Amino acid sequence: MSSVVNTTHAVQLHEVSKLYGSFAALRKVTAEFAVGKCYVILGQNGAGKSTLLRLIAGLIRPSFGICSILGSAEAGTMRHSIGYLSHASMLYDELTAMENLRYSARLYEDNSHSTTSLWQPEQVLAMVGLDARLDRPVGKFSQGMRQRAALARVLMAKPELLLLDEPFSNVDLASSAQMLRVLAELRAARKTILLTTHQPELARPIADFICTMHEGQIVSLEPAQSPEGRSA
Amino acid sequence: MSSVVNTTHAVQLHEVSKLYGSFAALRKVTAEFAVGKCYVILGQNGAGKSTLLRLIAGLIRPSFGICSILGSAEAGTMRHSIGYLSHASMLYDELTAMENLRYSARLYEDNSHSTTSLWQPEQVLAMVGLDARLDRPVGKFSQGMRQRAALARVLMAKPELLLLDEPFSNVDLASSAQMLRVLAELRAARKTILLTTHQPELARPIADFICTMHEGQIVSLEPAQSPEGRSA
Amino acid sequence: MTYVRIVWAHLAKDLRLEWRSKDAINGMLFFSLLVVVLFSFAFDPTMAVSRQISGGILWVALLFASVTALNQTWTRELRHQVLDAQRMAPSPASALFLSKVLANFLFVSMIQIVLGPLFIVFYNLRAIGQGWLMLLVLPLGTLALVVNGTFFAALSLRTRNREMLLPLILFPVSVPALLAMVQSTTAILTGESDPGLWIRMLGGYDVIFLTLCLLLFETILGAE
Amino acid sequence: MTYVRIVWAHLAKDLRLEWRSKDAINGMLFFSLLVVVLFSFAFDPTMAVSRQISGGILWVALLFASVTALNQTWTRELRHQVLDAQRMAPSPASALFLSKVLANFLFVSMIQIVLGPLFIVFYNLRAIGQGWLMLLVLPLGTLALVVNGTFFAALSLRTRNREMLLPLILFPVSVPALLAMVQSTTAILTGESDPGLWIRMLGGYDVIFLTLCLLLFETILGAE
Amino acid sequence: MKKTLLIGLPISLALLAMGFYQAMYVAPTEATMGNIQRIFYYHFPSAIMALLFPYVNFAASLVFLATRRSNPLRAQAADALALASAEMTLIFCSIGLATGMLWARPVWGIWWTWDERLTSFLMLWLIYVSYLLLRRFTAGGQTQTLAAVLSVFAAIDVPIVYMSIRWWRTQHPSPVIGGGPNSGLDPSMWPAVWWNLAGWFVWGVMLVILRYKLERKRQWTEQESALQALEASLETAR
Ligand code: HEM
Ligand SMILES: Nc1ncnc2c1ncn2[C@@H]1O[C@H](COP(=O)(O)OP(=O)(O)OP(=O)(O)O)[C@@H](O)[C@H]1O
Ligand SMILES: Nc1ncnc2c1ncn2[C@@H]1O[C@H](COP(=O)(O)OP(=O)(O)OP(=O)(O)O)[C@@H](O)[C@H]1O
Ligand SMILES: [Mg+2]
Ligand SMILES: [Mg+2]
Numbered sequence: 087m088s089s090v091v092n093t094t095h096a097v098q099l100h101e102v103s104k105l106y107g108s109f110a111a112l113r114k115v116t117a118e119f120a121v122g123k124c125y126v127i128l129g130q131n132g133a134g135k136s137t138l139l140r141l142i143a144g145l146i147r148p149s150f151g152i153c154s155i156l157g158s159a160e161a162g163t164m165r166h167s168i169g170y171l172s173h174a175s176m177l178y179d180e181l182t183a184m185e186n187l188r189y190s191a192r193l194y195e196d197n198s199h200s201t202t203s204l205w206q207p208e209q210v211l212a213m214v215g216l217d218a219r220l221d222r223p224v225g226k227f228s229q230g231m232r233q234r235a236a237l238a239r240v241l242m243a244k245p246e247l248l249l250l251d252e253p254f255s256n257v258d259l260a261s262s263a264q265m266l267r268v269l270a271e272l273r274a275a276r277k278t279i280l281l282t283t284h285q286p287e288l289a290r291p292i293a294d295f296i297c298t299m300h301e302g303q304i305v306s307l308e309p310a311q312s313p314e315g316r317s318a
Numbered sequence: 087m088s089s090v091v092n093t094t095h096a097v098q099l100h101e102v103s104k105l106y107g108s109f110a111a112l113r114k115v116t117a118e119f120a121v122g123k124c125y126v127i128l129g130q131n132g133a134g135k136s137t138l139l140r141l142i143a144g145l146i147r148p149s150f151g152i153c154s155i156l157g158s159a160e161a162g163t164m165r166h167s168i169g170y171l172s173h174a175s176m177l178y179d180e181l182t183a184m185e186n187l188r189y190s191a192r193l194y195e196d197n198s199h200s201t202t203s204l205w206q207p208e209q210v211l212a213m214v215g216l217d218a219r220l221d222r223p224v225g226k227f228s229q230g231m232r233q234r235a236a237l238a239r240v241l242m243a244k245p246e247l248l249l250l251d252e253p254f255s256n257v258d259l260a261s262s263a264q265m266l267r268v269l270a271e272l273r274a275a276r277k278t279i280l281l282t283t284h285q286p287e288l289a290r291p292i293a294d295f296i297c298t299m300h301e302g303q304i305v306s307l308e309p310a311q312s313p314e315g316r317s318a
Numbered sequence: 010m011t012y013v014r015i016v017w018a019h020l021a022k023d024l025r026l027e028w029r030s031k032d033a034i035n036g037m038l039f040f041s042l043l044v045v046v047l048f049s050f051a052f053d054p055t056m057a058v059s060r061q062i063s064g065g066i067l068w069v070a071l072l073f074a075s076v077t078a079l080n081q082t083w084t085r086e087l088r089h090q091v092l093d094a095q096r097m098a099p100s101p102a103s104a105l106f107l108s109k110v111l112a113n114f115l116f117v118s119m120i121q122i123v124l125g126p127l128f129i130v131f132y133n134l135r136a137i138g139q140g141w142l143m144l145l146v147l148p149l150g151t152l153a154l155v156v157n158g159t160f161f162a163a164l165s166l167r168t169r170n171r172e173m174l175l176p177l178i179l180f181p182v183s184v185p186a187l188l189a190m191v192q193s194t195t196a197i198l199t200g201e202s203d204p205g206l207w208i209r210m211l212g213g214y215d216v217i218f219l220t221l222c223l224l225l226f227e228t229i230l231g232a233e
Numbered sequence: 010m011t012y013v014r015i016v017w018a019h020l021a022k023d024l025r026l027e028w029r030s031k032d033a034i035n036g037m038l039f040f041s042l043l044v045v046v047l048f049s050f051a052f053d054p055t056m057a058v059s060r061q062i063s064g065g066i067l068w069v070a071l072l073f074a075s076v077t078a079l080n081q082t083w084t085r086e087l088r089h090q091v092l093d094a095q096r097m098a099p100s101p102a103s104a105l106f107l108s109k110v111l112a113n114f115l116f117v118s119m120i121q122i123v124l125g126p127l128f129i130v131f132y133n134l135r136a137i138g139q140g141w142l143m144l145l146v147l148p149l150g151t152l153a154l155v156v157n158g159t160f161f162a163a164l165s166l167r168t169r170n171r172e173m174l175l176p177l178i179l180f181p182v183s184v185p186a187l188l189a190m191v192q193s194t195t196a197i198l199t200g201e202s203d204p205g206l207w208i209r210m211l212g213g214y215d216v217i218f219l220t221l222c223l224l225l226f227e228t229i230l231g232a233e
Numbered sequence: 006m007k008k009t010l011l012i013g014l015p016i017s018l019a020l021l022a023m024g025f026y027q028a029m030y031v032a033p034t035e036a037t038m039g040n041i042q043r044i045f046y047y048h049f050p051s052a053i054m055a056l057l058f059p060y061v062n063f064a065a066s067l068v069f070l071a072t073r074r075s076n077p078l079r080a081q082a083a084d085a086l087a088l089a090s091a092e093m094t095l096i097f098c099s100i101g102l103a104t105g106m107l108w109a110r111p112v113w114g115i116w117w118t119w120d121e122r123l124t125s126f127l128m129l130w131l132i133y134v135s136y137l138l139l140r141r142f143t144a145g146g147q148t149q150t151l152a153a154v155l156s157v158f159a160a161i162d163v164p165i166v167y168m169s170i171r172w173w174r175t176q177h178p179s180p181v182i183g184g185g186p187n188s189g190l191d192p193s194m195w196p197a198v199w200w201n202l203a204g205w206f207v208w209g210v211m212l213v214i215l216r217y218k219l220e221r222k223r224q225w226t227e228q229e230s231a232l233q234a235l236e237a238s239l240e241t242a243r
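If you read the sequences in order, they're chains A, B, C, D and E.
Numbered by this note's numbering, the letters in the first sequence go through residues 87 to 318 in order.
Numbered by this note's numbering, the letters in the second sequence go through residues 87 to 318 in order.
Numbered by this note's numbering, the letters in the third sequence go through residues 10 to 233 in order.
Numbered by this note's numbering, the letters in the fourth sequence go through residues 10 to 233 in order.
Numbered by this note's numbering, the letters in the fifth sequence go through residues 6 to 243 in order.
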């Protein structure tokens, strides 16, 4: 299906289906996502984008088929190198952004698997354009600020594989641009990025491939119109 | 501040401030929103857009200042004619979209205040582009489907004043267009619409006025570039 | 009429939600059984005095059981901020309250219907006084618990530690009712004194507090 | 070492959250106070048997207080799907469990420190047996409650009727622990029998179930 | 399924009929209790069966936990067996409780007493009710795992319950027979016991196999219909 040159693959899906009762949220999806590329996943509401990302993140298991992440088909082995941003913020409402990040850092640091150190909370907050001195708990953030704090948590662990579910929703234009610059840097550092959005024009500048989903299937996976310089 | 011709006003704010602790989410906002117009409210994350809408909806009360809705300054008297769509869906996860709407309808119908009948649940689901036969509970909807169901609930009571907080977020392009057509019809029926968004290009076709907020203040309230035909 | 229809709409919704997770009822039944068993572990029912303390045990068990149930009444209104929708709806707030009281009354009654016989079996009880009076004491007592419980659950709804707060407010206010329940039950079981006064007191308590709650609920719900 | 640091990170987070909304602990304290007062309404403490039933009362009160508290332990992990983040983190799952057990142990102990003296005052208790043994029974009993409670709260986390389910699975499994607590407490208070056997049993129960929970927690957390 | 019924039903019915005959007509009437004692022939076998099937449940749950990743098919089978044996435990446990209580009422004059055997039996019943409730309360893929974990807890808890109950309230005189099981049983009563025991055993095993097959079938049709739905939706997509 995909015409990716055979580098090592960040994600390989083989006939993966996900059923909820008799409803198929994913239907025999076969695809490969190459290391170091940025994939923008488009599709209607209910097409199965979030389900796909949650599946790759290991939060749900496929009903049928095999899904192997960073070369490992066993769930949970690659946790330290996957970052997942969901619709929900995954942050504690009562803690400030800094406290949330510090706590999260503890769970990822000192891990025998990963040798790379983490970002400092201050750095990563600056990356998403949040003021690190803000002492308001996250529960009192506006919707867009919360979304940015959530992204900061994901970025902090310097994951190899980034799964971003609508990172720009509720985020204002200036901050979206800022976030895009960060993502572009990550892509340059050969991180793999899978990103869903309903604003393709926003994500286009960093897209290597555009992946379109429809009713639980990947109907096309094509190089983006303007692949910036680097060979696909 | 505004240069609206003096029709009756749907919303009048006079030096309205909202404080959280010592932080001012709204700072002496004075503005008038005319009946039958569509206002698109723009602004950065944390500018105070959601706070403004919640205040007009009567869910929070101003710390200072007066806010009068549809001619009444007393809170709660105009409930039957206000529709408010928030970031949250305001739906029961365990019920289907139809059941949610039927329940909600009961709370609005047979009301001595409102003589207009409500929309039928089927009609209003069709309006937002959801399949009325879907027997999945709302909790299992995708993010965008949930957002559309939430909008359906708001529309059903045929409110005079519509407060929509980022109605297009997480909604795919086709459905956004569909929703815009509905909003355009409502505007034609002289309903007042206040709508926040981070995708101004989407909302522009139906905007009569563009209202820009910054750090808790309305910094500009201007006729939209392309006011469609009708005099402002 | 409109009012009744609205109460029914609320109630039907709650019952449907409950029905959808059908096992809630099963859970309740099993829970009450567990409570009886646990209590008879903690308080030896073979003791001679068990008849004297069983009135207290019955009501304390019911109280704990209902607090567990009451805590959940409003929780479903909080998710996805449905409560905001309720606050904005033009229908009278007291209808919402009444429907919740009815729903809770149904549930706690259901617990009792199971708990009662179990109690009799495990504690080997036989009423020496007029046993049929229990048919008056039980619903009246339940209503007293439920009216205040539902109200205070709503009151403590948007405070931070919702579930903790409920018993804190509920218990002191319920003390007279609890006293009346315990005393009348003991009077009936031992036949030593006349439960009439206590039952009348329970009835009065119910009327007063139901009225009060209906009147004040709008204020509670509207509070920012 | 890393493991200890991770446990500490979890624990510090929980304590900070609790500290920020201090009233949880205040609430629990007040709750237990009320329970004591209430129980002395329901069961006349001047009765001769009060010494015999007070062990039961103490532990039943603690059981219900902890169920209310335990239900909330994991609730904060559910909001905004933080739990998904926990499931995806590379740190060992058992560390999360251990920290929750520690936090809950602290909270319930705090209740006891207040409840104990109150109890003594209201019920006019004086241990006839070896009073200092209570310093062994209380922590061991609390640990038994808290270990299983935390585990089953996690187990019922993503089920429907979460709050309902916890007591349903916790109570039956905890019966031996509850029995041991009540019996050893009564033995100490009345001085009629030797609590040694019961205390050893409590200790054994704690060790067995803590091990079991630590081993199986990963499975629970990972279940889809 | 048919085969199980064809073989199991006649055998168990025959055994039970023989047991009934032995219990009601052959066995002598007990001296003190009279005819009511004949409940014993139903009470005892079901109580024994209720003590047997929990082990099946525990073993099956362990198999499930061990193989759920490596060998999902076997794990599914183990789970079906766990469910079947849990339900069977509950049925026999309930029968044991009910017959026991029916017996206790005329003989002891009370429905219930907190005797060690009765109490631990009740605990067993409670634990298995909570096991089945857990299975109903959970949805989707987690049911089996969570239930298996609870089953492990139950298996470890039951002996502890038994021990603690034995130590409990030993002070209080209880109106129960002192001796162990079968202590004073007249030899002429044995045939009735054995026939009924055998009958109920075959009956129980048959029911477990039936329930197991039913559950397997449910798993199978669920999988099958899911696959079919998947294929069908793939068809329409083309
Ligand atoms: C583990 C569960 C149980 C087993 C293995 C069991 C077994 C037995 C046996 C073997 C006897 C005959 C004893 C004899 O004749 O000496 C007996 C008698 C009896 N059982 Fe059970 N039983 C169990 C549970 C129960 C329960 C839950 C009850 C309920 C109340 C109960 C009530 C009785 C009664 C009333 C008698 C007659 C006692 C008498 O002769 O005075 N049993 N049981
Ligand atoms: N737990 C569930 N149970 C049943 N159906 C589900 C569940 N989760 C998702 N679905 C269904 O699966 C389909 C795909 O959902 P998904 O969330 O992946 O869509 P999406 O592409 O992310 O849409 P959106 O753009 O609106 O977020 C939807 O039809 C949804 O209703
Ligand atoms: N309950 C609260 N307590 C304290 N501060 C609050 C509270 N609610 C909102 N704020 C603050 O008020 C400011 C305005 O928030 P609001 O939600 O109105 O922003 P917004 O314009 O809707 O932003 P967004 O586009 O991100 O949704 C933010 O800085 C927010 O942190
Ligand atoms: Mg989605
Ligand atoms: Mg907002």
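The set of hints was computed from the structure by calculation and includes no laboratory data.
Each hint should be verified, as a subset may be incorrect.
[What the hints assert, rightly or not] Which stretches of chain A does chain B cover? Using the computed rule of at least three CB atoms under 8 Å from a CB of chain B, they are:
#: 1; region: 124-131
#: 2; region: 266-280
#: 3; region: 296-309
[To be verified] Derived DSS-like pairs (lysine-lysine); straight-line CA-CA distance at most 25 Å:
#: 4; chain 1: E; residue 1: K7; chain 2: E; residue 2: K222
#: 5; chain 1: B; residue 1: K244; chain 2: A; residue 2: K226
#: 6; chain 1: E; residue 1: K222; chain 2: E; residue 2: K8
#: 7; chain 1: E; residue 1: K218; chain 2: E; residue 2: K8
#: 8; chain 1: E; residue 1: K7; chain 2: E; residue 2: K218
#: 9; chain 1: A; residue 1: K114; chain 2: B; residue 2: K226
Since the structure is predicted, the reported quantities are computational estimates derived from the model, not experimental observations.
From the three backbone atoms N, C-alpha and C, an ideal C-beta is built for every residue, glycine too.
Do the hints match the structure? See the list:
no. : hint                : result
1   : 124-131             : holds (count 3)
2   : 266-280             : violated (count 0)
3   : 296-309             : violated (count 0)
4   : K7(E) <-> K222(E)   : holds (13 Å)
5   : K244(B) <-> K226(A) : violated (32 Å)
6   : K222(E) <-> K8(E)   : holds (15 Å)
7   : K218(E) <-> K8(E)   : holds (11 Å)
8   : K7(E) <-> K218(E)   : holds (10 Å)
9   : K114(A) <-> K226(B) : holds (21 Å)
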